[in-house]
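Residue numbering for the sequence shown follows the working numbering, beginning at 6 and increasing consecutively.
Calculated directly from the structure, the hints in this document are not laboratory data.
Computed from a predicted structure; not experimentally measured.
Treat the hints with caution; some may be incorrect.
[To be verified] 30 Å max Cα-Cα, derived DSS-like pairs, lysine-lysine:
hint	residue 1	residue 2
1	Lys187	Lys209
2	Lys39	Lys117
3	Lys51	Lys97
4	Lys81	Lys39
5	Lys97	Lys117
6	Lys209	Lys282
7	Lys81	Lys51
8	Lys51	Lys14
9	Lys14	Lys117
10	Lys41	Lys51
11	Lys51	Lys117
12	Lys51	Lys35
13	Lys35	Lys97
14	Lys48	Lys81
15	Lys97	Lys209
16	Lys35	Lys48
17	Lys81	Lys97
18	Lys117	Lys81
19	Lys51	Lys39
20	Lys39	Lys97
21	Lys187	Lys117
22	Lys117	Lys48
23	Lys39	Lys14
24	Lys81	Lys14
25	Lys41	Lys81
26	Lys48	Lys97
27	Lys358	Lys282
28	Lys48	Lys14
29	Lys35	Lys14
30	Lys117	Lys41
[Unchecked claim] Here are the simulated distance ranges between beta carbons:
hint	residue 1	residue 2	range
31	Pro348	Ala207	16 to 22 Å
32	Met231	Gln254	39 to 45 Å
33	Ile255	Met216	32 to 38 Å
34	Gly242	Asp350	51 to 57 Å
35	Val316	Gln147	48 to 54 Å
36	Asp345	Ala225	24 to 30 Å
37	Ala82	Leu134	18 to 24 Å
C-beta: ideal position from N, C-alpha, C; glycine also.
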Amino acid sequence: MESLDSAEKATVLVVDDTPDNLALMSGLLKGHYKVKVASNGEKALKIAAAENPPDLILLDIMMPGMDGYEVCRQLKADPRTARIPVIFATAKSEVDDEARGLEIGAIDYITKPVRPPIVLARIRTHLTLARQNRELALWNSQLETRVADGVAELERLGRLRRFFSPAVAELILSGSADDPLKTRRREIVVIFLDLRGFTSFAEKSDPEDVMRVLGDYHTAMGELVMSHGGTLERFAGDGMMIFFNDPVQIAEPARSAVTMAAQMQQRFAQLARTWLKLGIDLSMGIGVAQGYATIGAIGYEGRRDYGAIGVVTNLAARLCGESQGGQILVTQRVFSGVEDTHPGDPVEPLVLKGFHAPVAAYSVHWQT
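Produce the complete structure using the sequences and hints provided.
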């Protein structure tokens, strides 16, 4: 919207059935405004509803056919003209006449014979107010748009935080990281963790106790996922799958993954000691593998999630299944990248479902 920098840019429509009055008002206003004239109400409504409407209407009341009151009513009833300020300029000087004019939507009421300085001052004032109202309406509209955009961004951020750490989610929103829903091929490090003894515990415990334990477990593990910048691909009951190196690529994803896994076992050991006092005996196994996966949106319209598919995810899940409570099993490839900071011991090659050859693996030390 073009702001009115000066009153000279404004257009005033003068409506009066008397030619002398039209000439008088036109002569008064022409030095200050662009002036349009109408000799009856029907013509005034057409001009007001045209492509370039006037900025203000100076309207007589006593006209044959459609009087000024009816013109004003129709102007205010039409969305195209409702915002145009109307000033009555009339010989009707009774208080009731003025009150009636203001009630139907006029912003001011001037009685004839008019005093030029008063007419010009009131027109200038109402044009200024009209301009300010338009600018305020535009500002409000822009504010509503910004608020709507902000709410949408917060909702998207909330969805992203289901999978990513807050820092990673912010990078995605800012465009500094890959779109997580775009399908791609990437090398990642996958971590699976799963509780040992959970099925037996769930079968003999009250649902409230089971949910309380799961809440403690998810909270503790989730905090470590977030603090290490891992991507939570899924969690279901007592199991979780996390991976590193997507959507943000990092220098040493294997080291980050194993460091997180070690801290998870340390934190879980603290939880387990508390639970054991309540007669709950649980432990956690972890499997870690590195390899390529296809990553992107999984699901259908209206319900899409972010996930990874590939041999590496199956391998990490199988290693997790083979790990004992309190153990971290990693592939030889993972171990070769972390053995300087995370020593471990080789285990017997593992025969895993879905893998033709035995898999070399290491049990990483995590106790401090």
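Which numbered hints fail: 1, 15, 21, 27, 31, 32, 34
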